[in-house]
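Mind docking chains B, C, D, E and F on chain A? Use the hints.
6 protein chains.
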Amino acid sequence: MLRKLSVATITMQLLKKGVRMASMNGVRPLNKPTKSIVGPAFTLRFIPGREDLSSPETLAQPDYAPRVAIEKVPKGAILVIDGRGQSNLAVLGDIIIERLKFRRIGGLVTDGGIRDLEECLRADFPIYACGPAAPASITGHAGGDTQCAIGCGGVAVIPNDIIVGDGDGVAVIPAHLASQVAKDGFEQENFETFAKLQIKKGAPLIGTYPPDKHTKTAYEQWVHAEKKD
Amino acid sequence: MLRKLSVATITMQLLKKGVRMASMNGVRPLNKPTKSIVGPAFTLRFIPGREDLSSPETLAQPDYAPRVAIEKVPKGAILVIDGRGQSNLAVLGDIIIERLKFRRIGGLVTDGGIRDLEECLRADFPIYACGPAAPASITGHAGGDTQCAIGCGGVAVIPNDIIVGDGDGVAVIPAHLASQVAKDGFEQENFETFAKLQIKKGAPLIGTYPPDKHTKTAYEQWVHAEKKD
Amino acid sequence: MLRKLSVATITMQLLKKGVRMASMNGVRPLNKPTKSIVGPAFTLRFIPGREDLSSPETLAQPDYAPRVAIEKVPKGAILVIDGRGQSNLAVLGDIIIERLKFRRIGGLVTDGGIRDLEECLRADFPIYACGPAAPASITGHAGGDTQCAIGCGGVAVIPNDIIVGDGDGVAVIPAHLASQVAKDGFEQENFETFAKLQIKKGAPLIGTYPPDKHTKTAYEQWVHAEKKD
Amino acid sequence: MLRKLSVATITMQLLKKGVRMASMNGVRPLNKPTKSIVGPAFTLRFIPGREDLSSPETLAQPDYAPRVAIEKVPKGAILVIDGRGQSNLAVLGDIIIERLKFRRIGGLVTDGGIRDLEECLRADFPIYACGPAAPASITGHAGGDTQCAIGCGGVAVIPNDIIVGDGDGVAVIPAHLASQVAKDGFEQENFETFAKLQIKKGAPLIGTYPPDKHTKTAYEQWVHAEKKD
Amino acid sequence: MLRKLSVATITMQLLKKGVRMASMNGVRPLNKPTKSIVGPAFTLRFIPGREDLSSPETLAQPDYAPRVAIEKVPKGAILVIDGRGQSNLAVLGDIIIERLKFRRIGGLVTDGGIRDLEECLRADFPIYACGPAAPASITGHAGGDTQCAIGCGGVAVIPNDIIVGDGDGVAVIPAHLASQVAKDGFEQENFETFAKLQIKKGAPLIGTYPPDKHTKTAYEQWVHAEKKD
Amino acid sequence: MLRKLSVATITMQLLKKGVRMASMNGVRPLNKPTKSIVGPAFTLRFIPGREDLSSPETLAQPDYAPRVAIEKVPKGAILVIDGRGQSNLAVLGDIIIERLKFRRIGGLVTDGGIRDLEECLRADFPIYACGPAAPASITGHAGGDTQCAIGCGGVAVIPNDIIVGDGDGVAVIPAHLASQVAKDGFEQENFETFAKLQIKKGAPLIGTYPPDKHTKTAYEQWVHAEKKD
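Residue numbers (my numbering), protein chains in the order written: chain A, 1 to 229; chain B, 1 to 229; chain C, 1 to 229; chain D, 1 to 229; chain E, 1 to 229; chain F, 1 to 229.
Think of the hints as simulated: they come from the structure by calculation, not from any bench.
It cannot be assumed that every hint is accurate.
Any copy will do: because identical chains look the same in the list, a pair fits if it lies in one copy or spans two.
[Unchecked claim] Below 30 Å or equal to it, Euclidean Cα-Cα: the simulated DSBU-like pairs (lysine-lysine) are:
(1) K216 <-> K72
(2) K201 <-> K75
(3) K201 <-> K17
(4) K201 <-> K101
(5) K4 <-> K75
(6) K35 <-> K101
(7) K227 <-> K72
What you are looking at is a predicted structure, and each value in this text was computed from that prediction instead of being measured.
The shape of chain A in the complex, shown without the other chains (with noise of 0.2 Å):
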């Protein structure tokens, strides 16, 4: 049910769960149109790169981080990179998006750069990020570990959490919140779809939207009347 729900929706429910650091910030959707994406958080970490950790050589360690997170990934699980916030490093680049499409991923998201953007777009997978950067990770971050609890765009990411990600950017559901969030934000978007009729019709947004007793009686005849069709 989460999928039918926009994020805008998702953190709203987070807050009135009492949960207001839940977005991420400069992470946006680089397909267009968007893609939108939902599903369980796989997690790969960087960390600063310095001369003796971060060679060309490093990348072909049996055991290096973000190649193993590659194929360990599951197929429907997002994959979210903590690139440390540098919008100018690149995490990643268009042949390792190839594997990920191949692999059936459900997406991609990383508060840092992506290489070969453009060649990566053509792959029409879905990536959120925070725009092109030529150099590779090496040239700045060094391999972490995977499968940990990271930082992305400013929140906390636990594997498993659930991602999901519109137009809007990119928010963090807590796992055990996650059914929670569905029940509520599914009712919270169809009285929204009522409100935006009333406004577009000329209602005053107070009394509205929140709604008063009035236009909350006048929902449930709306939705009473909907559920009839």
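Same frame as chain A, but now just chains B, C, D, E and F:
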């Protein structure tokens, strides 16, 4: 007459009149293609959020400034919202945009974000902001005042200052300078039309733009000839 | 040969030759679709503005560096302007772009803004910058020098360094490394074409990219076969 | 009772009551040694400067808010000035500090700079700010309002909220929470005195702070013994 | 006469003469107590580093600008170094400070860091900078030019502009304005001495500072009386 | 031997060995006078906070990483805490400092803030951090892991890397380079002692530092003479 002038021309005229602090930082046109705006400012101000001031219940208070402002901003005016330069917090979303449109407001300008952005753009209403942001205003803002002096994009906005926006962004014209800026700006753009013609034909930059005596004479002749047509 | 290489490839080759500080921050292609550029750098430098150095009269001084530069930058060269990373101040506008185009310059690169941006893009001339900005340079810059060592987007640019730009942004190749970067970059991209084919067919990342012995042998066979065609 | 509590304790008590957004960023005690402050907020707000609003003549206008505020802030209150987080612009200097001292104001808090700082400190009046800054406010600010809701150091300040400052910086207590924060904070600090004694004697952190059952019993005995003394 | 004026006074005089962009951001006195400076600027400029331009061998090149500058800056002049606002990179260290002291330079001003800072301060030579920074300049800078127009702390510095520094930081006086600033600044400080006396005695701010007619008359009498002494 | 070397020397030796990314940004000694530190790194990592992960109850969980780390960091080691560069959030306070002192830890390094700072400094334990910050870690952080690769002040820290701190800040020596850095650094400092003596006597910078042949010979003679003493 201001409506025909570019924001680039207006900022140059303001500079010539001693005003350098006139162009908003980070505020850009979100509609594609750009929808130009000109109109008097109606202002709204947010302050930093605090949990006791920024709960969902706050939105339903009858005197909640951000909702009151939507109903009070006059037809044709530009609603300018001090979003504290927080691009990752929305100042409003699609339902409110529909209300602004219904009320025939001239446009929205903010140094904050917009939620449900794709829906908002479908309303075909002029929006200048920092981009999309899912979290509702109460996630990090609290309501301030309406129709007071504010800052937006790092520049002062006094109610009834003239707001102009185009593809280059948004500038603020102090109300008492508006007619002179319009007059001198029209003259500037007329000369620039002439200068661009010369440059396209191969005239060197130096002597043409800014003009030396020779170019000034040629311009006068061109103006004279244009008037005849 | 550089013309066929991506900026991503070039930054990797520079890294392999010990140069990590090569890619500009915040400088992006403004034309849609992207117009790739390659050419030697011709440099111009702004300094912070000051009211006595940055009046409109300054623009008419015959030795004003920013105007002199426009007339001196040679055909095919890339004009690189140190705009002090101020995305909210323009370094130039549409009339100057027309002059650069007339003089058959290879392109413009700056870590500042561009005014009259929509007009500039109509000229169909390659522009890499931080985006639109209405205020003229004299609003906050003063003129510096031309053809000196500068910084742009946080990287060093020495006159005659080779500037390359594409959808991923802009990189600077030290002049003495250009031919080796071109040669090795061509080899790198050839291998990546092969690797991407394998990945698309389902080859795992590890062993393929970077290649192990098996992949290296397969690549050599593929190169051999390609040459025959 | 608040006067005896540290800002660290107060922010913890606010967090326990659901308020995380309470501590100012970048605002620090400038007197050496630190002069602690507690008192109700009296607020003043600057907006971005503009040449027509920010001339030296402005300072002499009888209703210029920044001057009016100095004469209106009551004895014992804390003057809190929204300096727009501009550490490089002064909000006031030594002559005004002398007036605040004469009027027996409780202290000054701002997220801007202070001019003539060394002279100001000689007045032996409590100042919390971002540090020294030579330029007068009118260099980059314009006057706003007084006694309205403001932001300072990124947090909301409502007139009559309680402002507390010590070596760790400045926190804002919503007026309606002040007495409960005082009461619970006193209890917290009492326990921490006990816990620190145990830690100094070699007690492990875990079990002691936060306390387990054993530590809680020992604390109650200690409290009982203290009361007897 | 400038030597007796505070930087706060000087920036106010510059503002009155139309120059708002005069005070350096982030540059502060590092000696305790502050060592005031006044003198003509001698400039040095760094550009962003690049591994081929910034190796340890570079330092030994006979024409390496940063070393040449140390030997060329004249006795009494202020060495102003454009450290690109990088507080985490040193522009120089203790050995060079000793050389500047031996050569009787008037002081050092930079918007970069200083290495071996504690050793440097033992030399008892005036240093205005962003603070300590261990990495040598070549870690992230490359050498640029000497005695050219530069930016430092966000303001323009032209060789022979007058640099003044005190506890509030550093300001730049355009050479052609220096004598007028000195004259008017002396008058300003004289009035402020008077005004502060009145304020300390209990005069209200409004009417005293800025002065109304009554205060102006009283000031003239005070000046007259002072002269007699 | 490292204990006698300055951080400035160590960063130069690392640069000579190809490591430029070694010095922490924004991390400074808080004790006055500075307390130098050298020792192997023991690491702790925070992630961004989230209300469900960052409640006061979290602190009492027996496996809460930030508390476990305090009890596990070995005698003589340096506790390095990734505080996410958030200077306005504390990573710990005075009670924990007392425990670290009791356990004879070598020192604390973090790119976050410290609460109860004045109390902490009374413990006379070496602290390198961004400064005071009242809010407890749970206000904006959540607990991550211990003894993993982290970033601190923008540089990589691997457990058992050697951490050194003095008045210039903190550097990280990759464990495998430590003995060579110590050896070459000792030689460098010996030469610098000689060079500084020459500079103080009036030797010009060029030829002395870096040394030309003549200076090298004089240095060798000085070394020889020193050894005899």
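Taking the hints in turn, this is what the structure says about them:
For the homomeric pair K216 and K72, the shortest alpha-carbon distance between copies (24 Å) is at most 30 Å, but the shortest distance inside one copy (49 Å) is not. Taking the closest pair of Cα atoms, K201 and K75 come within 30 Å of each other only across two copies (17 Å); inside a single copy the shortest separation is 45 Å, beyond that limit. In this homomeric assembly, K201 and K17 never come within 30 Å of each other (Cα to Cα): the closest approach is 32 Å inside a single copy and 42 Å across copies. Proximity of K201 to K101 under the C-alpha cut-off of 30 Å is restricted to the inter-copy arrangement: shortest distance 11 Å between copies versus 45 Å within a copy.
With identical chains, the CA atoms of K4 and K75 are at most 30 Å apart within one copy only, with a shortest distance of 20 Å there and 35 Å across copies. Both within a single protomer and between protomers do K35 and K101 lie at most 30 Å apart by alpha-carbon distance, with minima of 14 Å and 28 Å respectively. In the homo-oligomer, the alpha carbons of K227 and K72 never lie at most 30 Å apart, since the shortest distance is 44 Å inside one protomer and 37 Å across protomers.
Checked against the numbered hints given earlier, the structure breaks hints 3, 7 and satisfies all the rest.
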